[in-house]
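Asker: The sequence shown stops at residue 565 when you use full-length UniProt numbering, and every number in between is there.
These are calculated hints, taken from the structure and not from any lab test.
Do not rely on the hints blindly, as some may be mistaken.
What the hints assert, rightly or not - Straight-line alpha carbon distances no greater than 25 angstroms define the calculated SDA-like cross-link-like pairs of lysine to any residue that follow:
id, residue 1, residue 2
1, Lys-530, Ala-549
2, Lys-441, Pro-291
3, Lys-132, Pro-291
4, Lys-334, Glu-460
5, Lys-334, Trp-184
6, Lys-37, Trp-184
7, Lys-152, Pro-291
To be verified - With beta-carbon atoms standing in for the labels, derived distance ranges:
id, residue 1, residue 2, range
8, Ala-385, Glu-39, 52 to 62 angstroms
9, Lys-441, Asp-524, 51 to 61 angstroms
10, Thr-192, Glu-278, 31 to 41 angstroms
11, Asp-213, Pro-324, 50 to 60 angstroms
12, Glu-39, Ile-492, 19 to 29 angstroms
Note that the structure is predicted; figures quoted are calculated from it, not measured.
Quick reminder that beta carbons are idealized off the backbone N, C-alpha and C, glycines included.
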Amino acid sequence: MTTTAAALVDTLEELGVEYVFGYPGGRVIELLEHLPKSEVDLVRPRDEREASVMAEMHGRLTGTPGVLAGQGPWIGSLGMIGQMEARLSSSPMVVLTEASERGEYSTLAPYQQSRGDYGGFSLPSILDGVTKEWWFPRTPIETLRSTQLAFKHAVADRPGPTAIILDGDAITADLSDEPTPPAWDAREQSRTWDAAPTAEDVASAVAALERADRPVIVAGNGVHAAQAYDRLAAVADAYDCAVVTSYLGKSTYPETDDRAAGVMGSFGHEGANRVVSEADTLLVVGCRLNPMDTNWQAPDFIRPEEQTIIHADIDTRNAGWVYPADVGLIGDAKASLEALAEAGGAENGWALERAAEARDWFTAPECESDASPIKPQRAAKEIQAVVDDETIVTADSGNNRFWLLYYLQTPAVRTYFGSGGVGGMGWANPAAVSAALTTGKDVIAVAGDGGFSMTMNSVETAVEYGVAPTFVVLNDTSLGMVRQMQHEDGDIAGVEFHDTDFVKAAEAFGAVGRRVTAPDEFADAIAAGKAADVPHVIDARIDREEDMADTLASSFYESVGGLHE
């Protein structure tokens, strides 16, 4: 006989799980007791928030579920950050948690009880609002079967987080050798199959692309999720398309490529927005076309009454959701793009010239400025200078990510990932540690001083687990994005910070810290950080008077309204 906990760890091994990101607590301890004897490693950061982001990033990069484990009250609170990001960014994740039931005392409201009885709170209700699916199994065999299904559902259709709430008695009980109903082999039970578009829909899409004079591909996060980069490039070449991306789709296509036109939307490039607006045919791949991607549906931007829209998505609900689509390609992005690439082709002579013009928006005079404090545009270009196809940039929430979005021109696919599902501050640091563990690549985390402070314990986690991301703090001693929303100084409370010594904090964690105020110093520091085998924290003092809102393309349609009337 074997206990449920031991069988669950065996299941993790069978499914190829390399890491569990978590924090010991509650009945999850029974599970973690078996990890040292397994091939599964526990990565334990300083809290559940960081563990959840690390699991989300692992799932985002690998396409297999990142595993998060911890005690129910904290997985349902601190650990919700990564789960929300996973849900909205389509990152596969499996959560192993528990309800701190205390056995037969549950109806008497014991300390931390979270199964939903009077006197406690309902962890199932919390998880129901975020995860794709959740289970609260009560017997050993239910627990084993539910865990297998959690791995299946995490990657089926649109990926996302699933959760198992472990029962305190079931996790320590013996698993029957011949249960009824049985549990099947873990790999067979968790297997999924990719969906593909119909031949009729592919033929309609091919016909539309072949007759197009100005075809544009809009590449979204679904291309990342499917890792369909080669197929995307093949379709762009086959049909002579310009390629723009959504915010979450950045680095699905090299932004230095001749067909690349930049990032569209309210936080994107005016050049990319013009290209989308001028298109007669849009092939939208793995992008919902949400309001921020579409300039809040500005009338002169995407116009379904004038443009042919081909919408490829793994979820049929997303195709034609925001704008009516002429053709829907429902299925895995790889399958849809492969079918298009094999079925036809065309030339138009428009895309390369317009894409070249659009790429001019990746630069500005400030990108060359030698001023001190450092212009954030120049900081983005210095980061770009060290990014190659073996480097990953993780971008936090706030102004910092928009400077990167606008001025960091990615040279290869999978070189940039941002917090953009739920967009929580503090994401970049633990995501960078996870990326370094998962890929072995050089990783650069970029955050403002507000976001960096939230999860700077991640620097210590990097030291402990022997990885060496470079943590860049674009420091304006404030919540820069909110501060710049003020009409006059002092209009909004809580936007200013005292000047924290991040160099000393880095050194206390066992990392190298360096404060820089000039562009050349910053360039030297980031190059040194990338080359080092210990984490570096670079406290880069940026010009707080550079207003990101002045750069955004959202005002474009106000200034050129009627362009297509």
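Asker: It remains to establish, for every hint, whether it holds in the given structure.
Answerer: Status of each hint after checking the structure:
no., hint, in the structure
1, Lys-530 with Ala-549, "31 angstroms, violated"
2, Lys-441 with Pro-291, "34 angstroms, violated"
3, Lys-132 with Pro-291, "23 angstroms, holds"
4, Lys-334 with Glu-460, "38 angstroms, violated"
5, Lys-334 with Trp-184, "29 angstroms, violated"
6, Lys-37 with Trp-184, "23 angstroms, holds"
7, Lys-152 with Pro-291, "31 angstroms, violated"
8, Ala-385 with Glu-39: 52 to 62 angstroms, "39 angstroms, violated"
9, Lys-441 with Asp-524: 51 to 61 angstroms, "22 angstroms, violated"
10, Thr-192 with Glu-278: 31 to 41 angstroms, "39 angstroms, holds"
11, Asp-213 with Pro-324: 50 to 60 angstroms, "21 angstroms, violated"
12, Glu-39 with Ile-492: 19 to 29 angstroms, "51 angstroms, violated"
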